[in-house]
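Undergrad: Between the sequences and the hints, there should be enough to build the whole structure, so can you do that?
Residue numbers (this note's numbering), protein chains in the order written: chain L, 1 to 229; chain W, 230 to 593.
Bear in mind the hints are in silico, worked out from the structure with no lab data behind them. Because the structure is a prediction, the values reported are computed rather than measured. Idealized CB from N, CA, C, for every residue including glycine. Among the hints, erroneous ones may be present.
Unchecked claim - Partner residues aside, some chain W positions facing chain L, computed with beta carbon under 8 angstroms: (1) 233; (2) 505; (3) 507.
To be verified - Below are the DSS-like pairs computed for lysine-lysine, each with C-alpha atoms no more than 30 angstroms apart in a straight line: (4) 97/L - 233/W; (5) 580/W - 73/L; (6) 580/W - 145/L.
Said to hold, decoys possible - Now the in silico label distances, taken between C-beta atoms and shown as ranges: (7) 230/W - 217/L: 34 to 40 angstroms; (8) 148/L - 466/W: 55 to 61 angstroms; (9) 525/W - 126/L: 32 to 38 angstroms; (10) 35/L - 248/W: 53 to 59 angstroms.
So you can see what is in the structure, the chains are spelled out below.
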Amino acid sequence: MSEPQPLIQVRNLAKIYRMGDVEVSALRGVDLTVQRGEFIAIVGPSGSGKSTLFYILGGLASASSGSVIIDGKELAHLSDTERTRIRRDLVGFVFQKYNLLPTLSARDNIEMAQYIAGQTHKPETAAWFRQTLELLGVGHRLNHKPRSLSGGEQQRVAIARAIVNHPALVLADEPTGNLDTENSEVVLKLLRDLNERTGQTILMITHNPEAAAYAHRIVHMRDGRIIHP
Amino acid sequence: MINKLVFQNLKHRWVRTVLSATAVGVQVTMILTLVGLSFGTLEDMSQRSKGAGADILIRPPGSSIIGLSTAPIPEKVLSFVRNLPHVAVATGTVVHPIGGANSITGIDLDSFSRMSGGFKYIRGGPFRNPDDVIVDEYWARQYHLDVGDEYTFLNRKWHVCGIVQPGKLARLFIPLHILQDLSANTGKLTMIYVKLDDPANLKEAMKAIRAALPDYQIYSIAEYVSLISVDNIPGLKAFIYVVIGISIVVGFLVVFLSMYTAVLERTREIGILKALGATPGMVLGMLVRETVILALVGTAAGILFTYGTRWAIMRYVPGSLTQVIVPDWWPIAALVSLVGSLLGALYPGWKAARQDAIEALAYE
Ligand SMILES: Nc1ncnc2c1ncn2[C@@H]1O[C@H](COP(=O)(O)OP(=O)(O)OP(=O)(O)O)[C@@H](O)[C@H]1O
Ligand SMILES: [Mg+2]
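TA: In structure tokens form, the structure reads like this:
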């Protein structure tokens, strides 16, 4: 019996940001394998390249060198259209800065994600999703625009948007960064629940050791590399 | 959903939306007003020509339809025409330019009245003194004239003796022999108008006149009126095309600028959409929809503005210009603004569609 194919396989990944003459090496040779159904916490100091790694895994940025295989596909070999399809069908992204569309209400932000994925108004997800929104404590704030939501509320709306299409891979960049203990716990339990019930693979960046404890395994990053302390 | 976003974007920057739509509207108005003025002024000329009550028009040899400056028909031709069969009334006029596109018409009030059924005086009455002038209502409105007022043209002072309803040949009349003498055309006429005993005799009468005056231009009024059209005014069509061209360029520039700033300021939002998996086509489609809305709202505004320009023209310069509303041209104007706008949205849309997703999100 052969090992099932891992969902993510990163080999010797490097990323250099170029801004004019200045070059910043954000990733300097990352190796990482993630099995399907894993819940992984990524920790590390600020600037160690955690968000950059997520951007590349989510197909938002391209690697400078190295290989990234997601769901059996080498990202570097994909066309723009195929990369767009991965973002749309495979990945749910929670941004460190939430990145909600400012002109749309919270509800429309979430529906936009459904619309883009071609999954508007699926009745079987509707009840589950309403429950989830109540659980996240934003059910009553859905008609507000991001501007009139607190940072924590925006963050929870962003989480709802990331999971609404049941992506196989959830990339959550500090999903509890702006939440109090109580709400952090809600979000972390929700992620663990998704992971356990539907087998979604979850990668979560966090600075908080208590949050990291929810994961199956903790990956440490420093200076653009994964370290084994 | 995309429509919601488009609508919210337009609402969010409503000042820019209103200004862009207004600018598109102004160029639509430019086209429609020009067309409305051309059609209206020509239509008004036709109506006034018909309003003279004549069936046949005699013009001197080798003259053009528009632009009357000479009076080379000897008066004896008029007496001759009067004696032809079927001719009920014949009257001669002299038309003399008085600056700009304006002219004055000298009439023989007695025969002219018999032909046209007579002026309807709103105020005042017929000529009594050699310095009397009759104006129509539009002319009076434009130049703020009332009965008894002094009015100067051709280096002379005249007195307004009557204000009449518009629609009979011209707007400004003085007695025929006075204008003949003043313009050194004593004993000569610019045109001869003929009214028949029965319009059924038109063919026969025309034939007789043609035979008697072989070098002259003889028209039935219907023929003459059909010649007063946009096609027969030299340069007018070209002028309309030039204005359409300018409109396309203006629409292009306005929408280019508007969409360009919209794309720049929405860099982040476009990045978010792409991060969610939106295709370049979807992003482009969003901007195209926004542009189409701007163009259509602008066109609607432009059409409304033409009612404003028509009001202003009828209020202030009804003597010189007539503007009509030409709904036939609304789709053309809409097309012109759409073409200009979509061309303007092309580059910004392309820029947005191929924007790198994460670069956009890093944009603060
Ligand atoms: N768009 C960019 N252009 C240039 N340099 C960048 C860009 N994004 C990140 N960097 C640089 O790359 C390095 C890694 O940044 P990254 O955002 O991945 O760190 P991080 O681990 O997520 O940090 P934090 O915990 O503060 O979010 C940093 O030195 C950062 O300054
Ligand atoms: Mg980060």
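Undergrad: Now look at each hint and say whether the structure bears it out.
TA: Here is how each hint holds up against the structure:
Taken as an interface hint, residue 233/W checks out: its beta carbon lies about 6 angstroms from the nearest beta carbon of chain L, inside 8 angstroms. Interface restraint check: residue 505/W against chain L, minimum CB-CB distance 5 angstroms, threshold 8 angstroms, status holds. Interface restraint check for residue 507/W: the shortest CB-CB distance to chain L comes to about 5 angstroms, inside 8 angstroms, so the restraint holds. Only pairs whose Cα atoms come within 30 angstroms are accepted, and residue 97/L paired with residue 233/W is accepted, the gap being roughly 24 angstroms.
Between residue 580/W and residue 73/L, the direct Cα distance comes to roughly 28 angstroms. Compliance with the 30 angstroms bound is thereby established for this hinted pair. With a CA separation close to 27 angstroms, the supplied pair residue 580/W and residue 145/L stays within the 30 angstroms bound. At about 38 angstroms, the beta-carbon gap between residue 230/W and residue 217/L stays in the expected band of 34 to 40 angstroms. One distance hint, 55 to 61 angstroms for the beta-carbon pair residue 148/L and residue 466/W, holds here, with the actual separation near 57 angstroms.
Range check, residue 525/W to residue 126/L: Cβ separation about 35 angstroms, and the 32 to 38 angstroms hint holds. Between residue 35/L and residue 248/W, the C-beta spacing of about 56 angstroms keeps the proposed range 53 to 59 angstroms intact.
Every hint, counting from the list given before, is met by this structure.
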